[in-house]
Structure formats: C-alpha cells, structure tokens
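As given, the protein sequences belong to chains A and B, one line each in that order.
Take the first sequence: its position 320, counted from the start at 1, is 320 in the numbering used here, and no numbers get skipped.
Going from the second sequence to the numbering used here is simple: count from 1 and add 1000.
Hints are not guaranteed to be accurate.
Restricting the straight-line Cα-Cα distance to at most 25 Å, the calculated cross-link-like pairs of lysine to aspartate or glutamate (DMTMM-like) are [said to hold, decoys possible]:
no., chain 1, residue 1, chain 2, residue 2
1, A, 25, B, 1243
2, B, 1025, A, 248
3, A, 456, A, 172
4, B, 1320, A, 57
5, A, 102, B, 1083
6, A, 60, B, 1321
7, B, 1240, A, 30
8, A, 249, B, 1330
9, B, 1061, A, 313
10, B, 1025, B, 1042
11, B, 1080, A, 100
12, B, 1245, A, 5
13, B, 1060, A, 49
14, B, 1058, A, 56
15, B, 1061, A, 319
No wet-lab data here; the hints were simulated from the structure.
There are 2 protein chains.
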Amino acid sequence: MAEQEGITVKKSENFSEWYTQVVTKSEMADYGPVQGTIAFKETSFGIWEKIQRIFDEKIKKTGHKNVYFPSLIPESFFKKEAEHFQGFVPEVFWVTHSGDNKLGERLGIRPTSETIIYHFFSRWIRSWRDLPVLVNQWCNILRAEIKSTKPFVRTSEFLWQEGHTAHETKEDADKEVMMILKEYHDLIENYLAVPVIIGRKSELEKFAGALYTTTLEGMMPDGKALQLGTSHNLGQNFSKPFEIKFLDKNGKEQNVWTTSWGISTRLLGGLIMIHGDDKGLVMPPRIAPNQIVVVPIYYKSSEKKAVMKKAEDAKEKLEKDFSVFIDNREGYTPGWKFNEWELKGIPLRIEIGPRDIKNKQMVLVRRDTNEKLIVKESDLMKKVSASLDSMQVNLYNKARKNLQDRITLVKDYEEFKKVLESKGGFAKASWCGENHCEEQVKNETGATIRIIPFKKDNKVSKCVYCNRTGKEVVYFAKAY
Amino acid sequence: MAEQEGITVKKSENFSEWYTQVVTKSEMADYGPVQGTIAFKETSFGIWEKIQRIFDEKIKKTGHKNVYFPSLIPESFFKKEAEHFQGFVPEVFWVTHSGDNKLGERLGIRPTSETIIYHFFSRWIRSWRDLPVLVNQWCNILRAEIKSTKPFVRTSEFLWQEGHTAHETKEDADKEVMMILKEYHDLIENYLAVPVIIGRKSELEKFAGALYTTTLEGMMPDGKALQLGTSHNLGQNFSKPFEIKFLDKNGKEQNVWTTSWGISTRLLGGLIMIHGDDKGLVMPPRIAPNQIVVVPIYYKSSEKKAVMKKAEDAKEKLEKDFSVFIDNREGYTPGWKFNEWELKGIPLRIEIGPRDIKNKQMVLVRRDTNEKLIVKESDLMKKVSASLDSMQVNLYNKARKNLQDRITLVKDYEEFKKVLESKGGFAKASWCGENHCEEQVKNETGATIRIIPFKKDNKVSKCVYCNRTGKEVVYFAKAY
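Chain A extracted, bound-state conformation (with noise of 0.2 Å):
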C-alpha cells in the first residue's frame, strides 16, 4: 500500500500551491510534454461529460444541432475579418507540412471556428426560409498559451462548444445571444454552484470581431475574476467578409446577423477553486460523476459477507436516483479510503460496518460539511437525498456569499488602487466610457473590466480614473 499524500498547502495561505496540489493528486489532470497542455483525468472528464449532458439538452430543447466542422483553417479565412485576425493570430499553431509535402498555404488549428463555418454558411444560406442557422460544436480548441498556464484556467489546448447561429434580424441575434447567456446562467449557478455576475464587456476586452459581447464572470477566493462563458452577437462584422446573404421575404439580398458563444473546461478550473477546501476536491452533488461512495467496513473476515450484502444493497437501492460506486478493494483501511474520496471530492460517504448492520443504521457523511449523519435504514433514500439537495444549496450559499463580500464601491482611484491591493475582487466604479482610461486602469493596476452591467446604475459618479463625468458603473478586477 502506497503512502498516501494529502493536500500538504492550506488553500488560505498558498492558493496557486494548493490548486496545483487538488489538480494532481485529486486526479483531475496531469501536465503533457507540450507546455500548457494537459490530460484529463477520469474525474474531470466526467465532470465534462455531465456538463455536456445538461447543456446539450438545454440547445437540443430551443432548436439547436449538433455538426462538426474541420479543425484546419487556411490561413487566408483568419484575414478576412481584420479585427479577428488580430486578435487571434499571436495564438495560433500552424501546420505547414503534411507527411514531407509543404503546404501551399499555412493551415491554422482552429482557435475558434467562426472563419471555416461562415465559409460553409455562405454556401448553405440562400433565403429567409434557411433562417435561423442554429448548430454547435463539442471540439478541443487549440490557443498557444505564452503567459503562466494553470490546468483548466489557461491551456494552450482545451476542450469547449461553440454555437453558431445566423439570423434574418439584429433583434433575433440579440434574443439568441441572451438566451444562451440565460442558459449558460442556469448551468453555472444551479449545477455547478458556482455564482456569477452577468453583463457586457468593454470595447476592449469584447470578442475580437464581436459587435458586443456578453458574459458571465465568477469571483475566485484569491480574489481574482474568471471568465466562465461568452455570448456574443457578432452583427454583419463576418457575414460581409464571407458574403453570407439571403434573399429576405422581399425578395431583396441582405447580409445575414451571426452569434456565437462557447463555454469550456474552464468551467473545471473554477469549480475546483471555488468549492475545494484544505482536504482536496469538492464536487457539488449535480455535477458529480459520482455522488456517493460507499465503504463497507469489517475486521474480521466472519463480518464481510454481512457487510457487503448490505453495501450491494444500498448501492441497489441508491442506483435508481443517484450514482453511487463501492469501494471494496481489500488491503486498504476505511481511513485510507475516507482520505482518499474526500481528497477526490465525492460529494457523500456511506459508511457500513458490523455494528450498523445490528442497528438496522448507516452512517452519512457530508464532503462539504463532515458532518456525520446515523440513519435508519429504511430513511436512506430520504436522507441521501436530503443531505445531497443541502450541500448543493450550502455550497452555492457559501460562494455567493463571497462573491458579494467581495464586491467593493469606490469612490476615487485611490481606493480603488488599495482594494483591489488589500483584498481583490470586483472594485465597482464609475467610468466615462473612454477606452482610454480603461487603458491606464490595466497598465497601472492590471485590472480590467470585467462586466458593464445590463441594467445602467441609477448612481453614476465621476470616472474613477479621469474624474470626468461618468457613463456608467462598472465593475474592474484582476483576471485569470
């Protein structure tokens, strides 16, 4: 029996060293040979498969398929839409020969594919009866990360789906982008417990090529903001480019009005670092591949056959509503299990051994809380799911309690400087709107803005940096 090494950090006094410790001896990832790449693990990638799960169904239910584009974009399609091309470039792998042939054009990996897939829509798209478009990817997307990469948070491969959508109108592609960013919403904060803030971004930090620019903005315990999905409505800025035109219910020809939004294994990233404590991962109940382990406990080999006829029952019975696997290797001690599920996060342990087998009783054990629960027998479908329904609660509660504690209003730059110094998180301020003081904002603080909020503040004070009339109140952060 291997050592078994815990997490060795406490996650309040080295966060980036106790995230790269939940990464690795959790299993969730382990680092590839090519920088910022990395494998996902069994765990992590059942967390995806449950977050393409309910998110598929989600775009299935308003109309969406699912298509696959090629992954190898010439790099002439990159160059056709000026901004996006800028934007993307620096992060682009290129493939320049194939076997021992050079290529007659450079081949980039698709960053994001809107170039290769408004080639297809230009040919597909004829009339307002082709209207709406409406078709999503699940791919890996490949960016060359240059700067710090962290598994999951920044990857120079990562997996994600891309919708794209083409529209008759403005107002049906801004009803498309706030539908998915509502979807996106429900995913985020009900399965993944994860809570967000919601809005629009700056002209600088918008989508390269988007007309604007919507996402969803989490708040991480060092303080620093992550980006968990975008929704973008990207007006004729490609459809002109690419020539994707139809003939309206007029007969006259029209460019068409394209979205796009994506949300990826990121998500991963900020589950770990939002729920995870000083044991290792904590998976909330909705988005745990496995929700419950159960250990039989015996120390004589007459207790076994009892203990694990009750184990295989109760996984019986669990299995209806609930996922839920026993751990029944031999040579290893309950403690040593105990430690590992809860460095892996499983949400609930089921403890059986000889003496609550007597008592007709098992014994619940919460991953958030620790909390141990006897019940009888007969109320263990009731109490599971009770005690599964209030961790998801208490861990979206805790979280969003943070998140607000770490919204600050300021008044002036040199609060802003000292908060985002002292304790980090959302500093709210009032902006004049020029890109230019947002611009010093970043270069003297590093802070950016995250979110303009939907709805304008009623209480617009002077810009925080130029102290000029203000626009709006928006909210700066440091970022991931």
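Got chain A sorted already, so can you dock chain B onto it with the hints?
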C-alpha cells in the same frame, strides 16, 4: 420554393457518382476547403451521436472510463516505436509554429494516440494494483490523405473513439481485444444493420506496431471491402520503448501489455453505401436520429386545424418510444415533403389528411420498401413499432444476402483474377502464409488479404499464388 433535385444516377449504374450525390443532396456532408476535409451536417452528426451513445454505454458497462489526451504529439514520441513511426509518418500534419514563434520540436497532430497516451501511462502505472487501465476518448483524428478521398470513407480529418488499455498479462490483453471486437460486432450488425465478417489481419495489413490486429470487414455494393473497426493487441511493443512497467504480485518488475481499438465516422460511409437506394439515403431505424416524419395533408385552410391537431396527437403518443417530428412547413406541397424525407432517409413517414381523420386512420409509408399501410388510429403504436422492426430486419437481411453472394471460393489464380475482375467481392482462397505471395497478389490484382478467419478452415489446399502448401483459407478483396 426552390426546385427539388433528387438523385440523378442509378446506384447500379454509376456507384461512385451515386454516392457523391447521396452524401451531398441528402445533406450528410459538404466538402471543406482543405483537401479531404468535410463538414458533418445535422443528419450525419446525428447518426454519429447515436453511435456514440450506444457504444459509450457498452464500454462504460465493461469498466472503461472516458478521458481526454492532448492532440499535439512531439515528433520524438512517434520515433520511439519504429514500425509505428514508419506506418504513420507520411500522413502526419506537422505544426512548426505557434503565432510567430518557431517551435523547438515539430508537433504532430494525432493520427492515433498510442504514443502520447503511453507517455502518461508510464507515469501513472506503478503496481499490479493500478491495472488494468481501461480508458477511451472520443475525438478528431488527422491523417493527410493524398490518395483519392471520399466523404466519411477516406478523409483527412475524421471522428472516432480510441480505446487504450494496459494489462498484467498477454491473456488479459487478448480477452480485452476480443471483448471489444464482440461489442463492435453487435453495434455494426444489430444497429447499423451492416453485416460483416470478422477475423485477424495479416502481418502486412496489421496496425503499425501491433502484435496482431482483429477487424470487421463489410462488403460494399461495388464489390469492394470496407474495414469498419479494428481491435489490436499491441503486446509489449510499445510498453518497452515507453517504459510502462509495473511491480507484479511477486514484486517483480514487468512491462504491461497494451491494446487499442477504434471505430470511426467511416461507419457512416458503409451505412450510406449499403442501405442507400436510387431515391437517396436509407437509415436503419435503430440508428436514425429521426425515425418518423409526420406529414399533415390539407388543401383548404378549413381542414388545417383538425389535421394539425391529429398530427400533434400522433407525435405526442409516438415520442414516448420513437424520435418523431412534424413537417409543418408552409408553402411546400405534401409531395415535395415526401421526396425530401425520402432523399434524407427517414425510415417511416406518416401521412394524415382529412379523409384519414374521418376514417380514424393514418397512412404509414416505409422508406425501404415504399410499402403503404393504412392503420387504425388505435393500432398506431403497435403498427409503427412492427414496421420499424421489420425494416431493420429487412435491411440487414438484404445486406447479408449481398455479402454472401459476394464470397466466392476460388481454386487457382486464374479463377481468382477472373472473380475479382468480374464480380469483385471476397475471393476465399488458400494461402501459404508468406508476405511475398500476398504482396505479389496485391501488385498484380490490387486485392489484399482482408481477413484471416479466427477458426482455421479444414479444407486448406495449395496457395492460390505460389501453389506451395497452403496454411490458411483467407479472404482477399479490393478495398476502400
């Protein structure tokens, strides 16, 4: 309303052109800008999703876990196993730059993932307790095809699953290989309704680096074989150069035994070729994303409400057990809709018109036989179920008969050549077991050994090429 264009050539007269028309006109795929790439459209990706769901359940039930490994593989990794390198290097797309930076080492985009996965296995596996490792990934694969490409059948990018496992002994690896082959067999025959023959590959045809390869081969209507899946025992051929070692139960260090196995979107090519007809695509009911289309028929607007209500009722009832949609588009005649869904291969059409409502009946039309069945409303579920079952069986049986008709036992090389030239298909012949004879046959006729049956034939005669003592009766064929 655009003019409708169906398939304009007969399958029996110009198979290749027929295939291209079915693929594009039924909107299965569209050609990409990079040679050999395609866009998987809604229908083809929908079939692939069904394949994924069915096979994913199978592998999870047998203890495999989904994971995801990096797609970029350092060139040095490929070189560790010499045969493997030679086999794949002509097809690899090489990445040389990220943004403006020239990379220190070229990176290949995965043409298959053994080498990158074994890099991780060597880090993860220490003891017999860590075995078996049973992982799988669903992903895209890039192989530059310089020969003639064909949508789904031979493309420079395709989708697949690749399973990778590590075991303590050769016997465990053997069992895994055969278990997976059996699952492939079930999927392909019982869901895709594509009959296959199964067996081993010859030394020349096996996977580059394998100990042995098992395979499933289908027979296309033009007399060419199509390999539909492979399951390899890789022995210790990779675990030695990649140093994947474990301490066995006696504390002795050993190399693991590995397997790998895959099925790809090539299955869609087989499906189209085998079941399609002069009207277009035909999807077997068990693999069709949409099994039933309901077409409401009315000519006066006064009839519309009652017909639509009946159609909605039917849909509501049917969708409990089947995937069903109503084609309620305005401005298209029922006849136009019939043609469209025949072209697109929907297994069953239900027509509902005013007369049907009066008679409390509906009309079912099967895609494979074009048979019309008038059924009582009260019998709807039973009759639909029976029709779809019968269609599934009928498609399989027709294909099975075609396969059997295409197997010819040949006695000598003259007959061998004549059979391959006239009717094609599998030429069953004795073979001495030497690479040389196989190579000569390939050079002279284009046919290769597709299958060496698992069960040795009793009636081995002289080698079809060299006339020396035969060792096995094998299946030769030209292949895609």
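Tell me, which hint numbers fail for this structure? none
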